[in-house]
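There are 2 protein chains.
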Amino acid sequence: MLTDQFYMQLALDKAWEYQLLTYPNPAVGATVTLNGRILSVEAHRKAGTSHAEVLALLKAYETLLKTEIDFDRFDAHKAHAFLLALPKDFFAECSIYVTLEPCSHTGKTPSCASLLSALELKEVIVGIEDPIESHSGGLERLKNTRSGILKEKCQALIKPFMIWQKKAFVLFKLAQSTNGRIGGGYLSSKASLTHVHQLRGVCDSLLIGANTVRVDRPTLDCRFTNGQAPDVKIYARRDDLDREIPLFSVVERSVEVISNLDFLKEPSFILVEGGEGMLKALQSRIDWMLIYQTPKLSTNNLTYNIDMNLQFLHQGKKDVDLMIWSRQVGD
Amino acid sequence: MLTDQFYMQLALDKAWEYQLLTYPNPAVGATVTLNGRILSVEAHRKAGTSHAEVLALLKAYETLLKTEIDFDRFDAHKAHAFLLALPKDFFAECSIYVTLEPCSHTGKTPSCASLLSALELKEVIVGIEDPIESHSGGLERLKNTRSGILKEKCQALIKPFMIWQKKAFVLFKLAQSTNGRIGGGYLSSKASLTHVHQLRGVCDSLLIGANTVRVDRPTLDCRFTNGQAPDVKIYARRDDLDREIPLFSVVERSVEVISNLDFLKEPSFILVEGGEGMLKALQSRIDWMLIYQTPKLSTNNLTYNIDMNLQFLHQGKKDVDLMIWSRQVGD
Numbered sequence: 001m002l003t004d005q006f007y008m009q010l011a012l013d014k015a016w017e018y019q020l021l022t023y024p025n026p027a028v029g030a031t032v033t034l035n036g037r038i039l040s041v042e043a044h045r046k047a048g049t050s051h052a053e054v055l056a057l058l059k060a061y062e063t064l065l066k067t068e069i070d071f072d073r074f075d076a077h078k079a080h081a082f083l084l085a086l087p088k089d090f091f092a093e094c095s096i097y098v099t100l101e102p103c104s105h106t107g108k109t110p111s112c113a114s115l116l117s118a119l120e121l122k123e124v125i126v127g128i129e130d131p132i133e134s135h136s137g138g139l140e141r142l143k144n145t146r147s148g149i150l151k152e153k154c155q156a157l158i159k160p161f162m163i164w165q166k167k168a169f170v171l172f173k174l175a176q177s178t179n180g181r182i183g184g185g186y187l188s189s190k191a192s193l194t195h196v197h198q199l200r201g202v203c204d205s206l207l208i209g210a211n212t213v214r215v216d217r218p219t220l221d222c223r224f225t226n227g228q229a230p231d232v233k234i235y236a237r238r239d240d241l242d243r244e245i246p247l248f249s250v251v252e253r254s255v256e257v258i259s260n261l262d263f264l265k266e267p268s269f270i271l272v273e274g275g276e277g278m279l280k281a282l283q284s285r286i287d288w289m290l291i292y293q294t295p296k297l298s299t300n301n302l303t304y305n306i307d308m309n310l311q312f313l314h315q316g317k318k319d320v321d322l323m324i325w326s327r328q329v330g331d
Numbered sequence: 001m002l003t004d005q006f007y008m009q010l011a012l013d014k015a016w017e018y019q020l021l022t023y024p025n026p027a028v029g030a031t032v033t034l035n036g037r038i039l040s041v042e043a044h045r046k047a048g049t050s051h052a053e054v055l056a057l058l059k060a061y062e063t064l065l066k067t068e069i070d071f072d073r074f075d076a077h078k079a080h081a082f083l084l085a086l087p088k089d090f091f092a093e094c095s096i097y098v099t100l101e102p103c104s105h106t107g108k109t110p111s112c113a114s115l116l117s118a119l120e121l122k123e124v125i126v127g128i129e130d131p132i133e134s135h136s137g138g139l140e141r142l143k144n145t146r147s148g149i150l151k152e153k154c155q156a157l158i159k160p161f162m163i164w165q166k167k168a169f170v171l172f173k174l175a176q177s178t179n180g181r182i183g184g185g186y187l188s189s190k191a192s193l194t195h196v197h198q199l200r201g202v203c204d205s206l207l208i209g210a211n212t213v214r215v216d217r218p219t220l221d222c223r224f225t226n227g228q229a230p231d232v233k234i235y236a237r238r239d240d241l242d243r244e245i246p247l248f249s250v251v252e253r254s255v256e257v258i259s260n261l262d263f264l265k266e267p268s269f270i271l272v273e274g275g276e277g278m279l280k281a282l283q284s285r286i287d288w289m290l291i292y293q294t295p296k297l298s299t300n301n302l303t304y305n306i307d308m309n310l311q312f313l314h315q316g317k318k319d320v321d322l323m324i325w326s327r328q329v330g331d
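Chains A and B supply the protein sequences, listed in that same order. Numbering follows my numbering, with no gaps: position 269 of the first sequence is 269. Numbering follows my numbering, with no gaps: position 165 of the second sequence is 165.
It is worth saying that the hints were derived from the structure and are not from the lab. Careful: at least some of the hints might be erroneous.
If chains are identical, the list can't say which one is meant, so a pair holds when it fits in one copy or spans any two.
Pairs of lysine-lysine residues, derived as BS3-like cross-links and limited to a Cα-Cα distance of at most 27 Å, are as follows [as the list claims (entries may be wrong)]:
(1) 190 - 153
(2) 317 - 159
(3) 153 - 318
(4) 151 - 66
(5) 143 - 59
(6) 317 - 88
(7) 190 - 78
Small disclaimer: the values here were computed from a predicted structure and weren't measured.
Let the sequences and hints guide you as you build the complete structure.
What follows is the structure in structure tokens.
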């Protein structure tokens with residue numbers, strides 16, 4: 001206990017809760033400690049809002065002073081200003097563990113490296129240095145730094161971010177019973193459905209097979225999160241689709257019927273929903289799979305047949321369901 | 001952070017690593033803290049050896065003094081004697097979180113309640129009080145106690161123990177691909193196989209279907225753990241089994257061919273291995289299921305068809321595999 005790995009793992013687990021929801025930013029987590037006590041564990045939640053380090057420092061402030069801040073903590077400008085106005089030695093005995101090197105550039109939010117430099121923490125420990133050249137250099141601006149803690153896990157965490165720098169990051173989403181049956185009604189928990197709607201709300205396009213559209217006649221909106229419904233691409237050999245299917249009527253969304261997958265060359269985040277047919281058609285293009293597994297065994301005979309090797313990356317609960325993140329690996 | 005729930009959850013997670021392996025004892029975990037710092041997280045591992053509290057206190061000693069003890073920490077008598085010989089105020093500022101009330105009776109190991117009483121910790125926080133009357137009363141012998149932290153999770157942890165007080169606790173074990181295919185070769189990781197052999201080593205009997213015996217011709221021993229092979233009960237309508245099947249030749253094990261399940265009325269721990277047939281035959285008797293899920297999708301067409309409602313209790317990794325603990329719930 002009391003090890004670097006333990007504190008970094010807490011930051012990693014928190015970051016996974018917001019995996020992909022931070023698009024186009026990477027998922028990042030942070031833990032603040034004081035003499036071995038854990039003051040806070042936080043993660044970046046949404047692009048354009050406060051980064052993990054900032055949220056963790058605000059929460060550490062609240063833990064230390066047994067108080068609650070009274071402004072919007074997700075407003076990065078307000079949050080930075082608040083932290084910079086604290087007495088200079090406020091965090092002098094604190095250390096921060098961050099899964100990714102603090103950003104050194106100023107984008108929608110101020111630079112975290114500048115902030116941490118001004119706050120003069122006891123130590124800044126990072127999992128990996130920022131692999132994007134224009135973002136790196138954060139560590140050089142800081143004193144008392146170390147890096148490389150749980151390096152492989154921190155790299156796995158930002159793999160989607162690395163992929164969507166160059167091409168589409170393709171996530172295949174599937175909901176199944178524990179004995180691998182798919183089809184109607186397997187997303188038993190509201191929490192799982194809400195998570196799907198959060199992903200739909202941040203992706204660039206939702207890609208779906210024509211057969212699923214014909215059979216399920218879906219809406220594919222984000223009604224559980226009140227989010228903007230995603231643009232939809234329907235993968236079909238020929239466009240014979242009934243325009244009465246609800247997805248065509250959702251406001252402020254484009255629907256395109258496509259017969260080739262060239263758009264996957266473009267940097268983007270593509271969410272794929274579908275069954276066996278789509279899984280087979282997309283197999284060589286799938287980066288990660290996200291499986292929501294419900295606590296049921298079923299005699300429903302709709303399943304999916306495919307040979308594919310995966311690596312489990314992270315697993316958690318969404319209410320009663322399991323949520324299993326995995327990546328496709330070669331043979 | 002720094003909450004009772006956080007420290008208790010660490011103890012719970014550690015205890016789940018040894019779930020059922022402590023038979024006939026319950027699984028128990030413990031966390032020791034000092035001013036909010038986590039000094040140790042430990043769990044009871046095997047009946048007849050040191051309890052969770054004792055292992056956690058020994059580890060806390062090591063963390064504080066940056067040293068390593070030089071005796072067998074699993075020898076409860078040595079461990080108690082060592083802890084009792086420490087300066088009286090050694091743990092005076094430490095608190096301990098235990099998932100279950102410390103035992104007040106002296107069995108194979110000395111009483112933990114007596115030990116904690118003598119060590120005069122700052123606080124003893126327990127998840128639940130001991131539900132077995134002859135074991136309870138531990139808290140009454142201690143000062144500065146609280147109970148009821150993560151009560152439901154702590155109750156779920158010892159449910160097998162509660163069941164095997166009265167009748168057989170029946171665990172159905174299954175290994176499957178992520179799309180629910182069973183049969184040969186799905187336990188891909190050595191760690192999962194080793195865990196199965198650990199369970200075989202502690203259960204009272206391994207119950208298996210005649211069909212699996214005929215088809216797989218298994219050995220059903222504990223060769224990965226060098227443990228004593230379990231007694232085997234083969235559930236068969238008629239005994240036409242080939243005695244050349246390896247399981248019959250394992251030394252110091254009894255094999256019985258049975259046609260009824262009355263033995264499940266006896267307090268015991270019964271591990272069930274088998275496929276769809278055995279799952280259906282046993283359905284009304286199954287308490288928990290343990291599924292080892294491998295990171296593969298497969299076109300193998302051997303699966304299992306059954307309607308059953310589960311509740312996921314705990315999930316973890318065994319090397320590359322997922323290990324999913326669940327209990328059967330009514331409709």
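Verification of the supplied hints:
For a Cα distance limit of 27 Å, the shortest separation of residue 190 from residue 153 across copies, 22 Å, qualifies, whereas the shortest one inside one copy, 29 Å, does not. Taking the closest pair of Cα atoms, residue 317 and residue 159 come within 27 Å of each other both inside a single copy (22 Å) and across two copies (21 Å). When the C-alpha separation of residue 153 and residue 318 is checked against a cutoff of 27 Å, the pair qualifies both within a copy, at 22 Å, and between copies, at 16 Å. Taking identical chains as interchangeable, the C-alpha atoms of residue 151 and residue 66 lie at most 27 Å apart only when they sit on different chains, with a minimum of 26 Å there against 33 Å within one chain.
Taking identical chains as interchangeable, the C-alpha atoms of residue 143 and residue 59 lie at most 27 Å apart only when both belong to the same chain, with a minimum of 23 Å there against 33 Å between chains. In this assembly of identical chains, the alpha carbons of residue 317 and residue 88 never lie at most 27 Å apart, being 41 Å within a copy and 44 Å across copies at closest. For the identical chains of this complex, residue 190 and residue 78 are neighbours neither inside a copy (33 Å) nor across copies (52 Å), given an alpha-carbon limit of 27 Å.
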